[in-house]
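Q: Here's the letter readout for the chains.
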Amino acid sequence: MREVGGIRCDAVLASLSDYVDGDLDVATRERIATHLAGCPECERFGAGFAAMVSALGQDPPPDLSPERVAALAALLRDGAG
Amino acid sequence: MEDDDEALLRRAGAGECGAFEALVLRHGGALRRFVVGLVGPREADDALQQGLVAAFRGAGGFRGDARARTWLFTVVRNAALRHRRREARHAHEAVPEDEALLALGLAAGWGASPERLVERSQQRALLARALGRLPARDREVVMLRDVEGLAGPEAAEVLGLAVPAMKSRLHRARLRLAAALREESLDA
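Those protein sequences? They're chains A and B, same order as listed.
When we follow this note's numbering, the leftmost residue of the first sequence carries the number 1000, and every step to the right adds one.
When we follow this note's numbering, the leftmost residue of the second sequence carries the number 44, and every step to the right adds one.
Everything labelled a hint here was simulated from the structure, so no lab data went into it.
Be aware that one or more of the hints could be misleading.
[Stated by the list, open to error] Just some of the chain A residues that point at chain B, by a computed CB distance under 10 Å:
1. Asp-1009
2. Leu-1012
3. Arg-1030
4. Ala-1050
5. Asp-1062
6. Leu-1063
7. Val-1068
[Said to hold, decoys possible] 20 Å max Cα-Cα, derived DMTMM-like pairs, lysine to aspartate or glutamate:
8. B:Lys-210 to A:Asp-1009
9. B:Lys-210 to A:Asp-1022
10. B:Lys-210 to A:Asp-1024
11. B:Lys-210 to A:Asp-1077
12. B:Lys-210 to A:Asp-1020
13. B:Lys-210 to B:Glu-142
Being a predicted model, the structure only gives us computed values, none of them experimental.
By construction, the Cβ of each residue, glycine as well, lies at the ideal position given by its N, Cα and C atoms.
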């Protein structure tokens, strides 16, 4: 645990989601970027964390089967009648 | 011109089935994937059907304060939670809200010797299994924000949370996911 770039490792850990989501003010964002550039442990973990978050969003949802949509449509029409 | 989601939902609210079907064609796949995460694959189709019927019946109450997609996720989630309670197969899972971030980080491999979170994340099956290991409350926030790509305020709205509470839950859930990914690859 050390201070690099004016911010400690545990504070970087606490802010990682806000960092990868782009939810930080510019000054905090720059402090964390400086920390990551000078702290290999946090840099490695941060890169893995960001890769994990990004990988989660890479698969588009499978379409509903036409049979399922047709069954639902029939149900709605019956119910709406 | 293609109708936007909000226009379709308003038309559905006026009783137009076709408009609602168009919405289901657009968002049904994502809604089903979310429901699988909430109730499991075996119950998902029943729960989704109940949710979509409730959405069609309730569409007249859509006021346009939220996006139609957010509204659909909210209604379908409520139906899935009701379905889960009825099935009562899911024991209540206690998830400590205030577990120390440091402990979560250490379990996730933070500060440890060379980790391969990047490589593990690229293995879809591993990532899916790790997501399946999370408590349901963690899984749903990760699914809304990271898998389905809802914006922070939208995900907070679906979950009935203020944005800061949603963000805190999301951060802890992601750390638990990183830990689960680590455990999965140790088990493999």
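Q: Going back to the hint list, which numbers does this structure go against?
A: 3, 11
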